[in-house]
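Peer 1: So the chains spell out like this:
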Amino acid sequence: MVSRISDTVTEPRREDRLPSTASSAVKIVIVGGFGVGKTTFVRSVSEIRPLTTEETMTQAGAGIDDIAGVERKTVTTVAMDFGRITLNDELVLYLFGTPGQQRFWFLWNGLFEGALGAIVLVDTRRLEVSFDVIGRLEEAEVPFVIAVNSFPDATSYLTEEVRGALDLPDSVPIVVCDARERPSSRDVLLSLMRYLRTFVTTSEST
Amino acid sequence: MSTSDRDWDEGGPERLYVITGGRADSTEQADLDLVTLIVSREEPKAGIQPELAAILRVCRSPVSVAEISAHLTLPTSVISVLLADLLADGRVEARTPASSRPDIALIEAVIDGLQNL
Ligand SMILES: Nc1nc2c(ncn2[C@@H]2O[C@H](COP(=O)(O)OP(=O)(O)OP(=O)(O)O)[C@@H](O)[C@H]2O)c(=O)[nH]1
Ligand SMILES: [Mg+2]
Chain L
1 MVSRISDTVT
11 EPRREDRLPS
21 TASSAVKIVI
31 VGGFGVGKTT
41 FVRSVSEIRP
51 LTTEETMTQA
61 GAGIDDIAGV
71 ERKTVTTVAM
81 DFGRITLNDE
91 LVLYLFGTPG
101 QQRFWFLWNG
111 LFEGALGAIV
121 LVDTRRLEVS
131 FDVIGRLEEA
141 EVPFVIAVNS
151 FPDATSYLTE
161 EVRGALDLPD
171 SVPIVVCDAR
181 ERPSSRDVLL
191 SLMRYLRTFV
201 TTSEST
Chain A
1 MSTSDRDWDE
11 GGPERLYVIT
21 GGRADSTEQA
31 DLDLVTLIVS
41 REEPKAGIQP
51 ELAAILRVCR
61 SPVSVAEISA
71 HLTLPTSVIS
81 VLLADLLADG
91 RVEARTPASS
101 RPDIALIEAV
111 IDGLQNL
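Protein chains in written order, with the working numbering: chain L, 1 to 206; chain A, 1 to 117.
Note that these hints are calculated values from the structure, not bench results. In this text, all values refer to a predicted model and were calculated from it rather than measured experimentally. Be aware that a few hints might be false.
[Said to hold, decoys possible] The calculated label-pair distances, taken between Cβ atoms and stated as ranges, are:
1. L:R126 with A:I48: 46 to 56 Å
2. L:T201 with A:E43: 42 to 52 Å
3. A:Q115 with L:R13: 18 to 28 Å
4. L:R126 with A:A88: 41 to 51 Å
5. A:E93 with L:N109: 19 to 29 Å
6. L:D89 with A:A88: 43 to 53 Å
[What the hints assert, rightly or not] Quick partial rundown of chain A residues pointing at chain L, CB under 10 Å, derived from the structure:
7. G47
8. E51
9. A54
10. S77
11. R95
12. I104
13. I107
14. Q115
15. N116
Every residue gets a Cβ at the ideal spot worked out from N, C-alpha and C, and that includes glycine.
Given the sequences, and given the hints that come with them, work out the whole structure.
Peer 2: Here it is in structure tokens:
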């Protein structure tokens with residue numbers, strides 16, 4: 001069944017429209033394992049109800065041609081949640097939540113390119129999911145902070161214990177958050193931005 | 001992994017192939033970031049491809065490529081192909097994202113904006 005595009009399009013609600021003066025946008029990526037709170041985080045700080053965008057990964061099929069002679073391809077699609085914060089009349093911040101598992105890394109190309117940085121959401125019950133993600137971010141030279149999402153049934157660790165377990169240098173900020181609370185999520189974003197500021201001020205003063 | 005109120009069109013690759021006139025290949029995509037802001041410069045004319053008309057309507061105020069994808073429930077790769085058409089003859093305008101090497105002024109602007117939240 002081919003559906004008509006007009007049936008599926010939603011226009012932005014009036015109250016969701018950006019000012020016409022909006023001229024540039026920046027992005028921050030929220031990355032973490034399944035169920036760690038990525039969508040919750042995006043929702044708590046976003047001014048719009050989180051939206052979903054789809055990315056496709058195309059792989060050539062095993063030599064099956066269809067009637068039009070077009071090579072059949074396997075298209076894998078993965079959805080990403082994102083939200084938005086209007087920072088001022090000109091500047092807009094977008095937040096993208098993306099899964100950390102290695103098989104989703106194909107999403108990362110367009111995502112981290114040009115991103116200010118990343119927030120690695122961590123659940124202390126499953127720290128191991130974060131190892132690969134952190135390694136990959138370090139490799140790609142994407143600045144990041146760690147946000148430990150506090151789930152009630154998780155043992156609370158000192159941030160220095162988390163630092164040790166994740167083998168992170170002292171310079172990487174580790175903060176505890178409750179992704180359901182807007183002020184808490186906002187503070188995580190602020191800690192990333194303040195961390196970024198230290199790079200700029202350090203390099204400018206040398 | 002994520003839930004949305006509306007299901008994505010499961011039209012499959014054939015449908016996407018039709019929408020882009022078979023140009024889903026990366027050479028035909030406009031060089032756009034997920035957060036490039038797109039703004040329409042005109043209203044859709046009669047007889048225009050429905051997907052292009054939908055983009056022109058969605059972009060009456062500035063809207064990111066990611067949001068266009070969400071509103072049309074089409075992958076960003078397809079949106080980029082459609083936008084290449086609209087950009088080529090000036091029916092939309094693209095406002096490129098701030099540079100990835102943020103300067104102090106940009107960082108301070110983000111911090112100020114977040115503090116006002
Ligand atoms: N107590 C507590 N619960 C949380 C927190 N963040 C998220 N949750 C809960 O954890 C569950 C999963 O959160 P999601 O935001 O859906 O996680 P996700 O990372 O988007 O999950 P996937 O997209 O499925 O990988 C939900 O029931 C949330 O309400 C938190 O900071 N504290
Ligand atoms: Mg989610």
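Peer 1: Which of the numbered hints above does this structure break?
Peer 2: 6, 7
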